[in-house]
Amino acid sequence: MSPIEIGIIGIFVLFGLMLLGMPIGLAMGLTGFLGIYAISGTDAALIRLALTAFSTTNSYIISLLPLFTLMGELAFISGITQDAYYAGYKWIGYRPGGLAMATIAGCASFAAVCGSSIATAATMGSAALPEMRRYNYNPSLSTASVAAGGTLGILIPPSMGFVLYGLLTEQSIGKLLISGILPGILLSLLFIIVIMIWTKIDPKAGPSGPKFSWSEKFTALKNVWPVFLLFFLVIGGIYTGIFTTTEAAAIGTFCTFLIALGKRKLNKENLILSFNATLRTTGMIFVLIICAQIFSYFIAVSRVSASLASFIIGLPVPPIGILIAVLILYLLLGCVMEVFSAMLIITPIIYPMIIELGFHPIWFGVITVIMLEMGLITPPVGMNVFVIAGIARDVPMYTIFKGIWPFVFAMAICIVLLILFPEIALFLPYRM
Amino acid sequence: MNLNDVIQKIDYFLNLLIKGLSFIAVASLVIMVLIVVANVVGRYLFSKPIIGTIEIVGLLTVIVVFCVFAFAESQGAHIAVTIISTKIYGVKKIIITSLIFFLGTFFFTLMGWQGLVLMKTNLYPTIRTSSILSIPFAPFMFVMAFGCFIFSLELLIHGFKTISSSKRDSKE
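As given, the protein sequences belong to chains U and B, one line each in that order.
For the first sequence, the numbering used here gives the first residue as 1, with consecutive numbering after it.
For the second sequence, the numbering used here gives the first residue as 1, with consecutive numbering after it.
Keep in mind the hints are simulated off the structure, nothing from the lab.
Heads up, the beta-carbon is just placed ideally off N, CA and C, and yes, glycines get one too.
A couple of the hints might just be wrong.
To give an idea of the interface, some chain B residues facing chain U are shown, with a C-beta separation under 7 Å as derived from the structure [claimed, not checked]:
#	residue
1	V36
2	T61
3	A77
4	L110
5	F149
Generate the whole structure from the sequences, applying the supplied hints.
Okay, here's the thing in structure tokens:
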């Protein structure tokens, strides 16, 4: 059997094992190991296991993953992000749909200090959903706005999605993080426009909230400074070159710790909670990363990705048509599996082809992350929707998914805008 | 003493071990933050960065990662696609689930074993070290191997628990 045939069989075996319920990391690692064994022999396959595990983890750059995770967890227990939501609530909550818009603004703020979409949705869900319920918001609008807003967590830096993409494609993680800023702002605005249109068509969906005095509005702003401080420290530090990405992550973690301490939120229970969550995420994500590296090596030695690239490039289809096909593939995979896993599986296979077609690697990283965001809210496996369903237990899953589609449409518009104007993603990274 | 008692005993000690490893991971993470912050402060305020920060942080990451594999498993954090598996019931479900755990045990035992082989090649004929601080790699490879073995053991216990719980259910 030729290496390419083994590679193709390997991809089918991987999907078969995953469908049987095997943890995705293990499925990738096992398939990769067996594939390398079939192509290069026992010794090569065995030593690849340890070499990949050690070289992947013995890395200064990859250390930013647990650091950013810890920073997000500390931000969560310190309550600074809820303060950002309440500031938005006081400024725009009185408008029709204003509470949902404040939720999007709160999610964008939380995303600026946390790289996880699920954490963003969970945090904002517990703060915003009770308020929207109090003002009789349509459950579809309220839950969908939190679920969709939560996806901003992996687009606005710091972002786990960009870190993983950077590790897989050997692109500058700093540039990737910076490239997410403008698309993140654009997508937040598109989400707000969706809410405005929704409440214009159906004013009962988002009744006006309470009106606050100017002094109350400005007082609320006083509590938002930690979010801005952390964002400018971490992202500003990376952008200006004062810090490396790992340094920015450590400094951000340290400052978030000090802020939580200053706000008297650091008790033993909270600390244990944040460390537990950090270790859980770190363990889960690194099993995925190590196993994905083994699988990537198998794909590389089988030459499946290279052959796929030359085959597809030879097709009489314009590059944009191929890009759309790839985006649909991402969307389908994001629908049925956890989004980071989808990225780890597909990127090694299609990345060489995308580069051959002449697309910019940083720009494609942004597009990939937005597609993953879609996967977080589309049925049947929409992790953010599951999180929100866990918080709003009386709202059926169907109702949440029903409200999601306008936001998915907004994401599609964002992708179209990025295709038409790649500078939205590339303007900032190329001024670093 | 039947199989269930043996599993419960091993599980008890394994949980203690996993807890100990997670303490080491937290300590390593905190040291990592402090070293990087001290390096930045030293570089900008005193023009004295900490030499070898990159090496120390990289090696600390090895400790953090391999000390938490089993912890993540004990918390059910490792993710799977459940669209089809949730529609399988009875004996088929038990066979598939336990087989997945045993395959996981096999895979991570291999990784641990190869970690030890790698450690050996880093000790003989010469001890391989990092380039700036000359920190030997071998102890960190041992941590990697140990973390993989504990993770394998946790998966093995979960596999046996799946079988024993099904036996208990069928008796009831």
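Do the hints match the structure? See the list:
Annotation: V36(B) was flagged as interfacial toward chain U, and the flag holds, the nearest CB pair being 4 Å apart, inside 7 Å. Restraint check, T61(B) versus chain U: the minimum CB separation of about 4 Å is within 7 Å; hint holds. Here the hint on A77(B) is kept, as its CB sits about 4 Å from the closest CB of chain U, short of 7 Å. Here the hint on L110(B) is kept, as its CB sits about 6 Å from the closest CB of chain U, short of 7 Å.
Annotation: interface hint on F149(B) violated; nearest CB of chain U at approximately 13 Å, more than 7 Å.
Comparing the model with each numbered hint stated earlier shows that hint 5 is the single one that does not hold.
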